[in-house]
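Trainee: Next come the chains, spelled out residue by residue.
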Amino acid sequence: MSVKNFILVCGGTACESSKANEIYDAIVKETKAQNVMDDVQVVKTGCFGFCEKGPIVKILPEDAFYVNVKAGDAREIIAETIVKGRVIPRLLYAEEGLPKAFEMEDIQFYQKQVRVVLRNCGFIDPEKIDEYIARDGYKALEKVLFEMTPDQVIQEMKDSGLRGRGGAGFPTWAKWNFSKQVQSDQKYIVCNADEGDPGAYMDRSTLEGDPHSVLEAMTIAGYAVGANTGIIYIRAEYPLAIQRLQIAMDQARDYGLLGENILGSDFSFDIEIRLGAGAFVCGEETALLCSIEGQRGMPTPKPPFPAIQGLWDKPTVINNVETWANVPVIILKGGKWFSSIGTERSSGTKVFALTGQINNSGLVEVPMGTTLREIVFDIGGGIRNGKAFKAVQTGGPSGWVITSEFLDIPIDFDSLTSIGSMMGSGGMIVMSETDCIVDVTKFYMDFCVEESCGKCAPCRIGTKKLYNILNRISKGQGVMEDIAKMEQIGEAMKKAALCGLGQTAANPVLSTLRYFRNEYLEHIAEGKCRAGKCKELVRYVINPDKCIGCTACARKCPVNCIAGERKVAHTINNNLCIKCGACFTGCKFGAITRL
Amino acid sequence: MAKMTLEDLRKLRETKKSDLERRSLEGKDIEIIIGMGTCGIAAGAKVSLEAFLSAIDAAGLKNVTVKQTGCMGLCYVEPTAEIRVPGMPDTIYGKVDADTAREIVETHLVKKKLVENHIFDRPAADVIRN
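So the sequence lines, in the order shown, correspond to chains A and B.
Start counting the first sequence at 6; every next residue gets the next number (my numbering).
Start counting the second sequence at 90; every next residue gets the next number (my numbering).
FYI, nobody ran anything at the bench for these hints, they're computed from the structure.
All C-beta atoms, glycine included, are put in the ideal place defined by N, C-alpha and C.
Misleading hints may appear alongside valid ones.
[Said to hold, decoys possible] Per label pair, the in silico range of CB-to-CB distance: (1) A/I583 x B/A147: 46 to 56 Å; (2) A/I583 x B/K201: 48 to 58 Å; (3) A/G283 x B/E120: 35 to 45 Å; (4) B/E120 x A/S273: 32 to 42 Å; (5) A/D156 x B/K201: 35 to 45 Å; (6) B/K201 x A/S270: 27 to 37 Å; (7) B/E103 x A/D255: 22 to 32 Å; (8) B/R99 x A/I278: 44 to 54 Å; (9) B/D146 x A/F175: 46 to 56 Å; (10) A/P244 x B/D146: 21 to 31 Å; (11) A/R378 x B/A214: 54 to 64 Å; (12) B/A214 x A/S273: 33 to 43 Å; (13) A/T154 x B/E103: 45 to 55 Å; (14) B/A214 x A/K480: 49 to 59 Å.
[Said to hold, decoys possible] Okay, the calculated bits of chain B under chain A, using three or more residues with CB under 8 Å as the criterion: (15) 91-99; (16) 133-142; (17) 154-160; (18) 187-193; (19) 208-218.
[Claimed, not checked] Beyond 12 Å from chain B on every Cβ pair, some chain A residues (computed): (20) V8; (21) V88; (22) T439; (23) G537.
Modelling step: build the complete structure from the supplied sequences, incorporating the hints.
Mentor: Written out as structure tokens, the structure is:
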């Protein structure tokens, strides 16, 4: 006999603590009491994420979604829902002013994510063009080639309000329109897939999961602006994305969706791949174009803008992967549909790579205007190990820290700019009280020193000077004047550096100095690192009153610098200690203090 | 395949769509869809794939298709796999290591029961179908 119903009991840690186990046992007992155990399987699941309403019980295949369930409800759940197939209204989730939610998808909490860019990721086999086509793939191209003029395509993009997802937020239609206006024998369409921010992998995942969406979008843009060559610039560190792009391009060519006279029309377009060597600066569009031309990847001053005079001095539309991935849906569902998602001046969604001290790290796509609190606490499940939230770093090394006081601002281009931050490309690194601000900033500055192309002095010298000062502070050798000096250098870089990267390279320093000045001052004046990350400032001592001499710490110490007899208080030789903290985390009696 | 015309493309799309619908109606085939982005692979998706294949062999199942897909976004529970068994709800499993993959074949595919502690859900509704 086969199982007819599945009763899923949420087994996340939060629900475990709110008695999910008790409910599980009660439901199992009831299935036996009411003699339906052969028809029903009771299963513990991973976390449903909706912990404040836990414990949660979901019944399949009906999809009934019960919240705040108690062990006492088990009898009724079996008798009503399983035996009689009736829903129990009082267990459904109710939001004020809304009808009671029956399914999970009816609940606002589960509608926080909207997947437009990632619409096919996790649904199709990225190496099979037929699966893309079955999910309305290349339908937008069809529509464009046979039903729309180039001007109508650009108008649709204008209606959508789509702005560049690489971080700067320039209106996409305007770029296309600039290129379209220029008379030229040759124009280019470029995809910027040189994703390089630490912690960012939105574009890689999009290309790996849905490569055709980018190919289709570039072809559409080619039609709109009058270009017949596209180039995807992608870093060599993304071998799987490159491989899948290559397969996708071969299949599209085979089907006549790339190449001469696409689908029998008189429009021809083809795409090639250029591999970057992984220089961060090549994500900057003028440097990227230099690199494609075979020159050193260094930025050039704007204007001229690439849309007018770009690759080999020809008009060049350059958008990043995420921007491209939006295009086919906009054409299919209409600019108006797209602009109904998100906020008035920032339409659509944004993909974030949510990493760091977060419970549910992952790739998150939310409508613009979602708050940081919703991303970190509702979708991300809050801070790991119950620690306190400290800040979120957005936009990588060009980005800005956002502190708890701004958790409720809507994430969109203009709101972020208004607090001095920026959208950035979508890396979102969550920091908790266990992270040291000086240490994190030093990491970013080290990255900038490595990645500065060296062409202009403010960036080349400025980043190195900032790194040196941060390094001194983290070693307890900072002086009070360092604070003003860093601000001075940072401001100078902002004004004088040649490209966007140099102008923003000091952002991590400037933003943390603004919001976490006290932590810098502690490092300098008191020689103290509150998170214990700056090793030179940390010292471990054993409290002889609490130490029972169990020898656990001495056995854990990798450099054997803890001495003491069994059942006698131990001591740490700080001359030999490497500050690894193994003893601190290993002591069961709280006898070791970090100073 | 020869280069397609507009008509060919439309026909292909319809065929593929009805294939998908028929499969869910007639429901003969079991599908295992494994998340094989860089993230999934780094978390061990290839090992899970091998485990699925050998467990399917060992169980003597002939009607199972194993497929790959991109990243679903659930990085914290990679590797992930979606299991579609006719007559059972489509299920997304997370933290699918080799042992779990074997258990999924034995329990979900053969005994038609769900595997404990590994069930997760898609992070958002499907904008294409809706």
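Trainee: Each hint needs a verdict: does it hold in this structure or not?
Mentor: Status of each hint after checking the structure:
no.: 1; hint: A/I583 x B/A147: 46 to 56 Å; in the structure: 49 Å, holds
no.: 2; hint: A/I583 x B/K201: 48 to 58 Å; in the structure: 55 Å, holds
no.: 3; hint: A/G283 x B/E120: 35 to 45 Å; in the structure: 37 Å, holds
no.: 4; hint: B/E120 x A/S273: 32 to 42 Å; in the structure: 38 Å, holds
no.: 5; hint: A/D156 x B/K201: 35 to 45 Å; in the structure: 56 Å, violated
no.: 6; hint: B/K201 x A/S270: 27 to 37 Å; in the structure: 50 Å, violated
no.: 7; hint: B/E103 x A/D255: 22 to 32 Å; in the structure: 24 Å, holds
no.: 8; hint: B/R99 x A/I278: 44 to 54 Å; in the structure: 29 Å, violated
no.: 9; hint: B/D146 x A/F175: 46 to 56 Å; in the structure: 54 Å, holds
no.: 10; hint: A/P244 x B/D146: 21 to 31 Å; in the structure: 30 Å, holds
no.: 11; hint: A/R378 x B/A214: 54 to 64 Å; in the structure: 22 Å, violated
no.: 12; hint: B/A214 x A/S273: 33 to 43 Å; in the structure: 38 Å, holds
no.: 13; hint: A/T154 x B/E103: 45 to 55 Å; in the structure: 27 Å, violated
no.: 14; hint: B/A214 x A/K480: 49 to 59 Å; in the structure: 51 Å, holds
no.: 15; hint: 91-99; in the structure: holds (count 7)
no.: 16; hint: 133-142; in the structure: violated (count 0)
no.: 17; hint: 154-160; in the structure: holds (count 5)
no.: 18; hint: 187-193; in the structure: violated (count 0)
no.: 19; hint: 208-218; in the structure: holds (count 10)
no.: 20; hint: V8; in the structure: 6 Å, violated
no.: 21; hint: V88; in the structure: 19 Å, holds
no.: 22; hint: T439; in the structure: 18 Å, holds
no.: 23; hint: G537; in the structure: 25 Å, holds
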